[in-house]
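Participant: Assembling the complex is the task here: the two chains are given apart, and the hints tell you how they should meet.
Chains as they are written, first to last, in my numbering: chain A, -12 to 232; chain B, 67 to 545.
None of these hints come from the bench; they were simulated from the model.
Since no wrong hints were added, every one of them can be taken at face value.
With a straight-line cut-off of 27 Å between C-alpha atoms, the simulated DSS-like cross-links for lysine-lysine are:
1. A/K49 with B/K538
2. A/K(-6) with A/K60
3. A/K49 with B/K498
4. A/K56 with B/K538
5. B/K509 with A/K172
6. A/K49 with B/K531
7. B/K471 with A/K172
8. B/K531 with A/K(-6)
9. A/K172 with B/K517
10. A/K(-6) with B/K540
11. A/K60 with B/K538
12. B/K540 with A/K60
13. B/K498 with A/K56
14. B/K79 with A/K172
15. A/K(-6) with B/K538
16. A/K49 with B/K458
17. B/K76 with B/K471
18. B/K260 with B/K348
19. B/K458 with A/K172
20. A/K56 with B/K540
21. A/K113 with B/K540
22. B/K466 with A/K172
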Amino acid sequence: MPTHPEKVYFFGTCLIDLCYPQAGMAGIALLQREGIQVVYPQAQSCCGQPAYNSGFPEEAKKVARQQLKAFPKDYPIIVPSGSCGGMLKHHYPQLFAGEPEAAEAQRFASRVFELTEFLVKMLDVKLEDRGQPIKVTWHSTCSALREMRVIEYSKSLLRQLKNVELIELQRERECCGFGGSFSVKQADISSAMVADKVADIEQTGASMVLSGDCGCLMNIGGALRHRNIPIPAQHVAEFLLERTQ
Amino acid sequence: MTEAVVDFPKNFKEALNDNQLRRNLRAAMDTMGQRRRNLFADLDALERLRARGDAIRWRALRQLPDLLEQLEKKCTENGIQVHWAETPAEANQICLGIIQRHHASRIIKGKSMVSEEMHLNHFLDEQGIEALETDLGEYIIQLDHETPSHIIVPAIHKNRDQIARLFHEKIPNAPYTEVVEELNAIARKVLREKFFAGEVGVSGVNFAVAETGTLCLVENEGNGRMCTTAPPVHIAVMGLEKVVERLEDVPPLLRLLTGSATGQLITTYFNMITSPRQPGEKDGPQEVHLVLLDNGRTKIWADPELRQTLKCIRCGACMNHCPVYTRLGGHAYGYVYPGPIGSMLTPQLEGLDHAGAMAGASTFCGACEEVCPVKIPITTVLRRLRTESYRKTDAPNAVKGHGYKRTLAESLTWQGWALSNATPWLNALNAKLLGLAGPHLSKLPQVGLLKHWGQSRALPPFAAKSLHVLAKEKGIADE
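Chain B on its own, in the form it takes in the complex (with noise of 0.2 Å):
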């Protein structure tokens, strides 16, 4: 499925322009933050987890094939039953003939990025499928027929008051309450009622056990709970790369997702899915189904730097902790995934020359990988993105779209800088010109980067003398 092109710069500026949404941001991510810092406060601990949580996901990528395939194994053996997709469109015609067997048209859904990925609701509203969100932030967002704006809470840009407004003007009967417990009551109500009408439920995966076959799901409200067990059918859709090797590797595994994500030792809930319901057992769904999305990721695991965008287990604490990301909320990165997991992960999904410019949205501060569970090395992953953005290359690795930024100008500029700073004299006559001119520089015309940084700041004040000359003059040896 293709999207419209983003214009990110009016993003960007649209988005920094909302005051309401930059202090909503705000106070959201330090309060995550917080929380965070508050679960991890033992740094020695924190820092031998996230190794072994590094460990834990390398060695899973490094044998991926072979664990897609035990996992299919076991899934089998366990009843559940295997699917492939390669791309979005593929694994929605999936969803789609398993609901249309069970002659279903109303699906309930628990929380799922994956399922964002394949733009499941709009694809299924226009089979004249009814697909309804029932975790609460997925739920406010659907009502204001908005996406998700951050991975894990995709509400987060709406404060109370206005969660509160949009209950009262779309829930018949609503009233008026800024109270939270009493929104989460009116919700509770809607969504209760939804649980039992639902046909098939959708959910996503955060960890797939090859060993056993075991799905896992993290949540905190039980709606994912209700998803998976109240429906005669249940269908999981995950990236292939979600896959861990063993059992005892989901606990430090969930330790990091929830201490990262909302600084929780645990979720309220968290879900072991082995099989559909046994013969003798009382509840569960007759059906389970499992559709495993590549969309681009086999492509990625094949190259060795790239594949640690695979390690991520989104948690989101990238976005949390990210300066970019806490002044533009998720909507300005124009697609699913944002912040630095999406700067990652985007532009090799969709193509450079679709989703590149997210690669630029960083200024290489390192937060995110500074609380990274799972230590990928994002600037790393994001500057290869930018170096991709200009490469012109036959290499079987290139990143879709790759060489999309490649201009004349901006190759000889490089080009220029790099003679003039490999070349001792014309670095000295650059460092004297650019002296020279400095006391002018406000009087050429504010244009191109002149017009960018004096937007908000007073130009370089570039020195009469260089470095270079005063030490020169003061008699610092050069050898």
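Excised from the complex, chain A in its bound form (with noise of 0.2 Å):
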């Protein structure tokens, strides 16, 4: 795979896709910068995460089949998601072990890269802050953190940006409850992990939460929303190309 490739499939995640298309229009910009042409099939849905997680591997495998069908070319697959890119890369060959679709998902997981993965990686993204000077906090999501290991990346982003200080949570390793259907499934654990996240965000004195994974991101920022506290949780690809423009 070449190190600056000319295309790159773009995987926008179906909460991104419903909930926070400006996110994803942000990552599919930061990377036109670098003069990827980025491809967008329409054709692609969820990772199938949802259903995998919650014990219904035959759905997650249906829909599956759907992102493999969508993806079929040699690019790499670029991912606004630690979570979702964990499933890519790490769950499909699981899920398809045994099934003729077998080695298919073991390709479609090698091409699989989470988004400031890429940008620093493959791209060697260079950064210019054009924004004021402002205090963020980051969330380092477990699946970014553990799954695809990409957290260093996404933070050296942050660095780059002069007019950014980063200050970190004291609990930045430590999830904020979200879990998918846990955050319903387990709504009481769910809303005492989140409170303890709201608490260690309020301390920092920090503008702005960051992340790069929307799951968590809605569980953080409605979280804040619901206390009103008026600190935005936003995704790392909007806030990197916002401070760049």
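Facilitator: Okay, structure coming up:
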């Protein structure tokens, strides 16, 4: 795979598709700015993780097959999410083990990159900060941290921005309590976890919280808004684009 | 032995509302985690050690039936009497038989989670036999008629003040003190007297070495050594997965166990028991018994994926790092083994229909897997248990109680979801409808998912135009 490919696929994720399309468009714009042609297959949908983690692997497989079909060419697949990226990269090979699609799923998985990982590792992106001085904090999402292992890429991009001061959370590595269906099936535990995350964010004094996963952002941002705390929760792609335009 | 059905939602709610418990747990888990990180500061060395631990446990499990036979043979040669128990009830009967043969009315116990799994104390109590816990943490909770809330530090849910009050109230003539050394001295005085009165000693086993027939016991207080040497009879109870092949397998596992559990390079005491008192020896019990408990482990072993559960060396690191356990504590789980290891093991032992909800008490954050000293893929096993909860099957490896959660409504929901996400035009329609509905969600009756989500969070901001639509409008290539 060339380090600076001509074309890439963009896998938008269902959550970005439905709730945070501006984060997806920002991811696409960041790639295009580096001279990359971005292909967004309209036949794509969800990675299948909601069913996979809820105990419905057959339904997950059905949806995953659709993604295998929607991304047939040999382009890198860029995902603005550690969680969906982890599903595509690490769980598809398991999901299709012993199935006719096993080899295809392996090849598919090998082409998957998380967005910030790709920007840093493959494109060596240089960012110029055009924004006002700001203090932000960062939530390391579990899949980005432990499955995709891309947190250092995300944070290195933030550190390139000279007017952005990154204040770390006391418990940056602790789960926010989202966990997909966990957030509604175990709503009490989930609420307790996100309450602690919100308190941690507040004590930093940052005016924004950033992250690379819209599930966690929906949870954290939703909890902040529920409490009328005026700290927006934003996807890192959107933030990077806004600061550098 | 059956347990009452656990009301998980009620337990969870109560635990979450107990601010004292939340504070105690947070402080304790932070300390345990920090100690572990301090000890395993060299992460590359830790990775090598974990890989070794994983390999040792796999090798042992791969040949489990042979190793158990070898263990029995070696132990028997060494003079240790080996007993097999398929169920906790059988294990209890075996223990009772030994105790009664010696006309004992009082036993002393070192810490053992398998004895908790057997509910041995309760069983013996019904037979009029007093079982005294001698591990400090176990002694504390026994005083308060509680069960362990953690597999390594059973009284971790209590803070010093609570223990101070408990001692003052429950131990005759104990003065009120919050000084840790004084509290220790009070317990020590009580326990010392009991050690001499104990007629049978019961302990657990951390590792059993098949090659030599050696029972290894890890502890910090010396009470374990007292229990296994002071009384004339020693009964060791052990889950049958705890066997390892060779003596040389023990040092890396011991390092992993103590480092992961309490951040210790080694514990204060490490006992290796290979026989009862030999002629000419001045101490040690006259009889040593090993009770090997199956309780469903053979069935777990038969499935290559679930077998990984049995790699566990019971260090408790998964609990110390679990964001769910940290907020609930062990009692809320309602069964003997809490936290990630409990959520993996308990539904397999007790049946999904009883304890399947435990597999749901995880965000799959993976913090447990990251620290597991033998690299158990905990989320993979939990995911499998969630799948089995819905699976109706005749497969011989299906987990007990499988399919208990299956409802037509949930099956149809996921089938509809799959159809929509595998059919581009349906997916587009769905996105459009959600976009239209989005601004009005808050006006709907807040029940079901909306209620659960909305109890602490603003509702999802469904966008008027999906990314599919925006990408198309911007002319992003679709090929």
